[in-house]
Amino acid sequence: MEPILEGFSLIASPFNVTLIFAGVLIGVVVGALPGLSSPMAVALLLPFTIQLEPVPAIAMMAALYCAGTFGGSITAILINAPGAPPAAATALDGYPMAARGAAGRALGIAAISSICGGVFSLLVFLLAAPLLARIATSFRPMEYFALAVFALSMLASISGKSSLRNLIAGAVGVLISTVGIHLTTGVERFTFDIPELTEGINFIPVLIGLFAMGELLNQSQKLDAVYERITAVVVRLPDREDFRRIRGTILRSSGIGTFIGILPAEGATVAAIMGYNEARRWAKNKEEFGTGCPEGIAGPEAANNAATGGAMVPTLALGIPGSGTTAIILAALIMHGFRPGPFLMKETPEFMYAIFIAMLLANIMFLAIGLVGAKVFSRVTLIPRALLWPSVFVFSLIGAYSTGASLFDVWVMLIAGLVGFIMLRHGFGPAPLVMGLILGSLVEESLSQSMILLDNQWLRFFESPIVNVFFALTVIGLTWPWLKALASKVFRRTPVAEASGE
Amino acid sequence: MSDRHEPGDDTGRRRGTGLVHGTDLAVTAVLLAFAGWAYYLTTGFEEVADLFAQDVPPEFLPRLLIWTIVALSVLLPFEHLLKPGGRAHFDEARSTPIAWMAWLTAGLLFLVVLSIQWASTYLALIAVCVLLPLLWGERRWTIIIPYALVFPTLVMLLFSKLLGVYFEPGLLGIDFR
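Chains as they are written, first to last, in our numbering: chain A, 1 to 502; chain B, 1001 to 1177.
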């Protein structure tokens, strides 16, 4: 109980609560704006939070993460343009319901389902993270290496155009992480005699470039896009009948979302798609889906918000990111001098509880904001793109520059942006590359330490049962998408909704 | 984008129907060239001192990753065979060439970054806040001018005064601290 109270005291200052509120506001706005995404906003926020104490910094980012996932549903429902990829499934039934004149009801269902999913996953986070951390304290470098390889293999099944492209992007990310001086031998690798590269490529400019600059260039091609808007919204909480209809869906989707979130690398988009598909599968009124069915809104919304809490479990307990956004939060933790993992949980449990309380607070805040301000937030899409995206560039430039006060980092950001833009065109998402980049050091360190411990005998890796479990899971993770694709090809089955995003 | 072809339509032939996806073949070629270049660079790593001979050599992981990239890349041109939407699944985003506006935007941003050292960060930000909206078709000067003056100033003040970041003062010596 004491660490929980300590965690509460870490958060309970007006400054920290204000920062969390700011994180929620930014999150809802960013989530609501098509093109802007939570990973992008968290990446842009990262340089600003470097100057803060670790608790408020991470709390603000976690709050933004929670709220950004919900914010996407506002524009998904009102203008049929999901502000964020996790809200894409919400638009399938949210927009038709809004078009029927029940936009307030659709937003109310989305808000309630989101908070239920969010709180459910936070309770699981509270129970599972310490448990997982306790198990992980017995991990040696071999187990960590196997775990990191498993996490990378999960890139095969995260959302996006293709498993293969995700894996290639992940491998390129790990390769980029090897730039700089080799830790154990001191040999310089891929440095081209550039002094700035000897310590490796700075995470932040790459993250900002991939997420923000890549999307900026993408948006420059969509200047003519016009959204059909549904106005005059008064948000209405679900009535007794709606609650009766959606309670089972919320519970099921919360469980699915939390589980998907806990899996390394899997994000809110996959959770939302699964939440929608499962809501439809279990529904008696399948034919109503796609026409404005409450379960079609509750399913993805509960699942995508549940995935946020779930994704924090492996991030904090194991140091393995649960999603693209948590990969950036992990980078922030590292920049603040923490090594996320079991020892963080063991030595500073109050830190984990502080994050838990911040996320809980964020859920309550975005519910209030959603109920009161959905109408206002739907208007953020009225901000001219020709002013919005230069502002993103300003933040990107300053953010990339300010971490090391170096113009070299700004160039890295620009190049990463151009590469990210071209990658996106060919189906390579930025999230897998970021995952690889952030997991890279863990892969290399644990591999080097393992080989020393094992006297360079590879086969001795298999002496550990935990390693064997992770390697078996890796094989399953790598082959599952292919088997699934093959099965759907053979049996001609098409999923109701497909994911593309985090 | 449809995967079906009307009689007389040679789009499918140009893109390469059948087993191999033409565009992905080009992507594979780029990835293989990158892998080849990266592998070549690993051959130039310094020799490890005898003291570290027991450690994993510095080129080991990069090479392992390069081989992984090669192995995965050669599968790319065939991946569409497993997708329910076939080649259309991958062609949706790249069905049209990159818009000239994207290239112009990228060019402008490069020029702005290039100008930071002599023009100062502040003036470069103001320039981008004027030029990018103009490039993207915004012509309302009553919005552009206040925006270009106020927004970069606020961001610079936030980072300089509050967070203590030192920015390039340029030839004019503009320093916000």
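Please keep in mind that the hints were generated in silico from the structure rather than gathered at the bench. A quick note: this is a predicted structure, and the numbers were derived from the prediction, not measured. Cβ atoms here follow ideal geometry from the backbone N, Cα and C, with glycine treated the same way. There's no promise every hint is true.
Computed cross-link-like contacts, BS3-like style, restricted to lysine-lysine with a CA-CA straight-line distance of at most 30 Å [as the list claims (entries may be wrong)]:
id, chain 1, residue 1, chain 2, residue 2
1, A, Lys222, A, Lys346
2, A, Lys484, A, Lys346
3, A, Lys484, A, Lys375
4, B, Lys1161, A, Lys222
5, A, Lys286, B, Lys1083
6, A, Lys484, B, Lys1161
Derived coverage of chain B by chain A (criterion: at least 3 residues anywhere in the stretch with Cβ under 8 Å from a Cβ of chain A; other residues may be distant) [stated by the list, open to error]:
id, region
7, 1035-1046
8, 1058-1064
9, 1092-1099
10, 1120-1132
Computed beta-carbon distance windows for the label pairs [to be verified]:
id, chain 1, residue 1, chain 2, residue 2, range
11, A, Ile4, B, Val1150, 15 to 23 Å
12, B, Arg1139, A, Leu237, 53 to 61 Å
13, B, Leu1025, A, Lys286, 36 to 44 Å
14, B, Ala1093, A, Asn285, 48 to 56 Å
15, B, Ala1093, A, Asn468, 21 to 29 Å
16, B, Thr1142, A, Lys286, 33 to 41 Å
Cross-check of the supplied hints:
{"no.": "1", "hint": "A/Lys222 x A/Lys346", "in the structure": "49 Å, violated"}
{"no.": "2", "hint": "A/Lys484 x A/Lys346", "in the structure": "39 Å, violated"}
{"no.": "3", "hint": "A/Lys484 x A/Lys375", "in the structure": "41 Å, violated"}
{"no.": "4", "hint": "B/Lys1161 x A/Lys222", "in the structure": "36 Å, violated"}
{"no.": "5", "hint": "A/Lys286 x B/Lys1083", "in the structure": "25 Å, holds"}
{"no.": "6", "hint": "A/Lys484 x B/Lys1161", "in the structure": "55 Å, violated"}
{"no.": "7", "hint": "1035-1046", "in the structure": "holds (count 5)"}
{"no.": "8", "hint": "1058-1064", "in the structure": "holds (count 4)"}
{"no.": "9", "hint": "1092-1099", "in the structure": "holds (count 4)"}
{"no.": "10", "hint": "1120-1132", "in the structure": "holds (count 6)"}
{"no.": "11", "hint": "A/Ile4 x B/Val1150: 15 to 23 Å", "in the structure": "44 Å, violated"}
{"no.": "12", "hint": "B/Arg1139 x A/Leu237: 53 to 61 Å", "in the structure": "44 Å, violated"}
{"no.": "13", "hint": "B/Leu1025 x A/Lys286: 36 to 44 Å", "in the structure": "41 Å, holds"}
{"no.": "14", "hint": "B/Ala1093 x A/Asn285: 48 to 56 Å", "in the structure": "35 Å, violated"}
{"no.": "15", "hint": "B/Ala1093 x A/Asn468: 21 to 29 Å", "in the structure": "40 Å, violated"}
{"no.": "16", "hint": "B/Thr1142 x A/Lys286: 33 to 41 Å", "in the structure": "53 Å, violated"}
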